[in-house]
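> Using the sequences and the hints, build the whole thing.
There are 2 protein chains.
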Amino acid sequence: MKPIQVISKVIPGVNWLKGYSTQDAVADLIAGITVGLTVLPQSLAYSTLAGLPPQYGLYSAFVGGIVYALLGGCRQVTIGPTALLGLITSRHTSLGLNSGPEFAILLCFLSGIVEMLMALLQLGALVDLISLPVTVGFTSAMAVIIGTSQIKGLLGLKGGSGAGFIETISSVYNNLDKVRLGDMILGFTSITILLLLRKLKDVKIRNNKTLSGFFWTVSTARNALIVLVASVIAFYTCDGDSCPFKLTGEVKSGIPDFRLPPFETDISGPLNGTSPTSIHLNFKGMIEDLGPTIIILPVLAVLGNVAISKAFGGAGLSATRELVALSLSNICGSFFSSIPVTGSFSRSAVNHATGVRTPIGGIYTSVLVLLALGVLTPYFQYIPKAALSAVIISAVIFMIEYEVIKPLWRCSRRELLPGAITFILSLLFGIELGLLLGVATDIAFLVYRAARPALCVNKQRTTNGIEYIYVRPNHSAIYFPAIEWVRSGISKAISEHGVAPVLLDCSFLTDFDFTAARGMSLLYKELTTSKIPLFILSTNESIRQILHEASNNSIPVIGLIENLESQLESSPEYEMYFPLVVNHNGHHDKAN
Amino acid sequence: MKPIQVISKVIPGVNWLKGYSTQDAVADLIAGITVGLTVLPQSLAYSTLAGLPPQYGLYSAFVGGIVYALLGGCRQVTIGPTALLGLITSRHTSLGLNSGPEFAILLCFLSGIVEMLMALLQLGALVDLISLPVTVGFTSAMAVIIGTSQIKGLLGLKGGSGAGFIETISSVYNNLDKVRLGDMILGFTSITILLLLRKLKDVKIRNNKTLSGFFWTVSTARNALIVLVASVIAFYTCDGDSCPFKLTGEVKSGIPDFRLPPFETDISGPLNGTSPTSIHLNFKGMIEDLGPTIIILPVLAVLGNVAISKAFGGAGLSATRELVALSLSNICGSFFSSIPVTGSFSRSAVNHATGVRTPIGGIYTSVLVLLALGVLTPYFQYIPKAALSAVIISAVIFMIEYEVIKPLWRCSRRELLPGAITFILSLLFGIELGLLLGVATDIAFLVYRAARPALCVNKQRTTNGIEYIYVRPNHSAIYFPAIEWVRSGISKAISEHGVAPVLLDCSFLTDFDFTAARGMSLLYKELTTSKIPLFILSTNESIRQILHEASNNSIPVIGLIENLESQLESSPEYEMYFPLVVNHNGHHDKAN
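Quick note, the sequences are listed as chains D and S, same order. Heads up: the first sequence begins at 510 in the numbering used here, then just goes up one per residue. Heads up: the second sequence begins at 510 in the numbering used here, then just goes up one per residue.
If you're looking for bench data, these hints aren't it; they were derived computationally from the structure. Take these hints with a grain of salt, some might be off.
Same chains, same label: a pair holds when it works inside one copy or across any pair of copies.
[What the hints assert, rightly or not] Quick list of in silico lysine-lysine cross-link-like pairs, BS3-like style, CA-CA up to 30 Å:
(1) K527 to K1040
(2) K761 to K1040
(3) K1001 to K518
(4) K708 to K527
(5) K713 to K1034
(6) K1001 to K527
(7) K667 to K761
(8) K527 to K511
(9) K793 to K708
(10) K1034 to K708
(11) K1034 to K915
(12) K511 to K1001
(13) K1034 to K710
Predicted model only: the values in this text are computed from it and were never measured.
Okay, structure coming up:
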């Protein structure tokens, strides 16, 4: 293998440079800058959502772009901070004043490790367990939770995010008298303008491509524009401490140091309003505080990434390669004080719409973020919090999905249940529990289907007129949870149709497990005691073997339904059923 | 409805009295007394296993028999204390000297309530989820844990039961120098005699029914005999405090008071070896201490009962009636200071072997236990603990099952995994976790099967010679976890067999869910972009409707494979595939 092949194997990103033309570069540059104009305000906002100083959002927005350009496979994906991961991270950042970022950075590092393990163990397929109704319920609940968490910022009320949906609502309600007029006006105006500008994208002026293009650009850069205008207003109206808006406050300037993620921390600051205390937490203590989030956050990150790849990339992508790219974005990011990152749906859509050609566009975005960290941070302190809240609300409001309810109601109502469970429990008890119980509902349904196969039961006759009960399970396999059901189904069939030989048609089955085979063996013994012959119809070799093993070769398995007659004739109970036989002409027909 | 019908509906037990002859009564009396001779030593032993004074075993052994005679449906079932429930109860009886029985009695009451809820909600079917390998692994682990827990009693070592397998083993090992010779000799002799007497049952003396009958009686009453002989020896060898054996000690005499189960308690006694303290626990505190045992214990009790009914009663029993009988045995029992009870496999086997005719036999057993409580208790104090340990060990040793491993190895190796997981984790981390993870392994397999249906893929031709890729999933339904797999299977098929129209044969499928239908719709769009027509073959109306709803009626669903040709001819890509067609004669055949 040539050195260049080795490099392109280890770093698939170098392949993008093959035939990379000036046109490609220009397209990627435009897309990169456009995404950058979206990621700058979003980073500041999602960092606040995560309960952290705004610069951490920027720290999280440049590593992913570079890593993904080197390793990723889908040109539209842009990796960085997202609302969902910000929300989950916020659970662990409110312990003490200084410990917040350290928990977030450690979580970023550990998420990368877990994602790497998922790639190594091929566990990416776990996201297959999340059905569409659960995804919709989960995304909608998340949007509602994030949206309400921003109401405080929008109204100029005190208090951070990270609390549950119910607490936030009641806290806002109890503090309605403390609403600040300036923030409220700015917030609602911003939302209105953002929603209008969003529509502007679709306005096509006939015969005027320049104007259409201008509209499109303004619409796409709307977040940056609103933040810019709001900051300019704040800059001119604020005078020292008197200011109509709550501002972001100082944003630390400069590129973050390259250093190990923190494996221990001090929780400090006035806890519960008492005098300042400080508790040292070692790695074990931090892990205990993060708890199941260490698993849940990366699984959700992977789910988000898979959703984007599905939407833009089609079926041609390697799931493992995407997982490795995501994992290394988090691991490398954690060395630059990043909070957990994943693909952002909204920014990927912007990327797609601006006509990005390769993931190299992400590098241009990263450069823009680094420039902002070096040059723009002094101006970020004037950004009103209400404007950032408006940016978040306008983004998540479109994630509430209800279109899927109608077709589900029409054609598959039972699937509304996992969706509803996910949505409601997410709001009441947190998105992790909601997601978990939504998936559990779906899995319970799968188990139920395997446990309760429909049985097709009727009475048939052999060619020489012996009546028998024909039973066919309507499932591809009979496993342990189904066997009691099949047994009692056969017992019911006998009490309904009268005593007659029984044929269990397993010719459509592909599998039988030992518990089921042993159950059939017990049923065979029971029926034999009552002088009722039982036959199983199957040509599947593994089914025949397992029935043989589980019943000491006693259950007769026949390969062709035509053989039933001769098998019946050789059974000791033959005479019992035969005299009852009336042939098609209505005569007793013993001599056949 | 006549009054008698109402009574026989509410208390089905009165039906046993219809045509109850003297012969029936004699048979039931003999069986009842024989079971009584087994239940007396077992009650004392299982009560000790549960970490309680011996009389509580007797308190638990008379209510079940009466309640089951009134409500139960299977003549062989005998309800009372069992080794499994004793073991689980023991977790909660070691908090303080006086609190033990109160936790056990409350657990009995709550188990009855949970069993009643299971009956009302028809949750008895939950035991269907426990497969044969898991049952075997669980029972074997339980036998090993109970067996080792009795080694201390057998060797005269200090310390109760209730600890885990590992702790018990290491504690015995560390105290080997404290082994008491008298207990050890008595214990091992008892086990040897018990195992020999067990064999005696099968010794048939030709032409001597009396001797055979005598052997059988001795064998069946072996537990009572050993305990009796050991007690007599102890009575004559013990002199005040000097005694070669550890004795049971005083057993409280008299029938227990009828009173409410305890809803609060004081934990008292020297905790952690410090000076005596007392903590008051209210109902909530007791519930918190019992924790998940409140659910797990009744589920295991039901499982035990179902296993016995299956073994002796056949398929004719009503699961709900059995559940109600079990539930009321526990609820009523808890008013007489009973610990949790369920059907005992060993005693039911004795009942069956002695030829019991109706559950009325259980009433005779109950009378015998009540007599023992009134008259025999003064003598019970001389029973050596080693003899009781021997009784338990000789009972559980036969519950270790390994016969099932061989057929599983031969025909279905993957089923060894849930069994092994259950067995090993039960020993290492307790039977609850072992059972739970064993069942989880089985369910994971069910989900895996639903998620990864085998795809049958090949290339076929229509009658006019157009080649198409034929894909048939080998499962009865396509649900959310499978759709990505099916999609990538079709993509792979196209890259293997070359570009050609695709037919997904769903004619064997009975179900499709919305996630899967939406996935097919996405695949259809993707393939359409690549000018590859996709058709689905199905006559199932609900599948057609869900595909219609999920794809806005875009995916063509055909009912007969013969229609594929005309459908292909009307597709816009027809010309693309048609010119490539070579008919069976090897000629291009455009005119057909």
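> Checking an output row: K527 and K511, CA cutoff 30 Å. Within, between, both or neither?
Close inside one copy (16 Å), not across copies (93 Å); limit 30 Å.
> From the Cα coordinates, with 30 Å as the cut-off, is the pair K1001 and K527 best called within, between, both, or neither?
So K1001 and K527 pass the 30 Å test across copies only (26 Å; inside, 70 Å).
> At most 30 Å between alpha carbons: which applies to K1001 and K518, within, between, both or neither?
Only across copies: K1001 and K518 sit 22 Å apart there, 63 Å inside one copy, limit 30 Å.
> Within a copy, between copies, both or neither: where do K667 and K761 come within 30 Å Cα-Cα?
Within. Shortest intra-copy distance 22 Å satisfies the 30 Å Cα cut-off; inter-copy 66 Å does not.
> Taking 30 Å as the upper bound on the Cα-Cα distance, should K713 and K1034 be classified as within, between, both, or neither?
Intra 78 Å, inter 26 Å, cutoff 30 Å: inter-copy only.
> Up to 30 Å between alpha-carbons, please classify K527 paired with K1040: within, between, both or neither.
between (78 Å within a copy, 28 Å between copies)
> I want to check one pair: K793 and K708. Are their C-alpha atoms no more than 30 Å apart within a copy, between two copies, both, or neither?
Answer is neither; intra-copy 50 Å and inter-copy 57 Å both fail.
> Tell me, please, which holds for K761 and K1040 at an alpha-carbon limit of 30 Å: within, between, both or neither?
neither (87 Å within a copy, 53 Å between copies)
> State whether the alpha carbon distance between K708 and K527 is at most 30 Å within one copy, between copies, both, or neither.
neither (38 Å within a copy, 83 Å between copies)
> For the identical chains here, do K1034 and K710 meet the 30 Å Cα criterion within one copy, between copies, both, or neither?
This pair counts as between: shortest inter-copy Cα distance 25 Å, intra-copy 74 Å.
> When Cα atoms must be at most 30 Å apart, do K511 and K1001 count as within-copy, between-copy, both, or neither?
Cα proximity of K511 and K1001: across copies only (29 Å, versus 71 Å in one copy).
> Within, between, both or neither: how does the pair K1034, K708 come out at a Cα-Cα threshold of 30 Å?
For K1034 and K708, the Cα distance is within 30 Å only across copies (26 Å; inside one copy 73 Å).
Going down the numbered hints, you'll see the structure goes against 2, 4 and 9, while the others check out.
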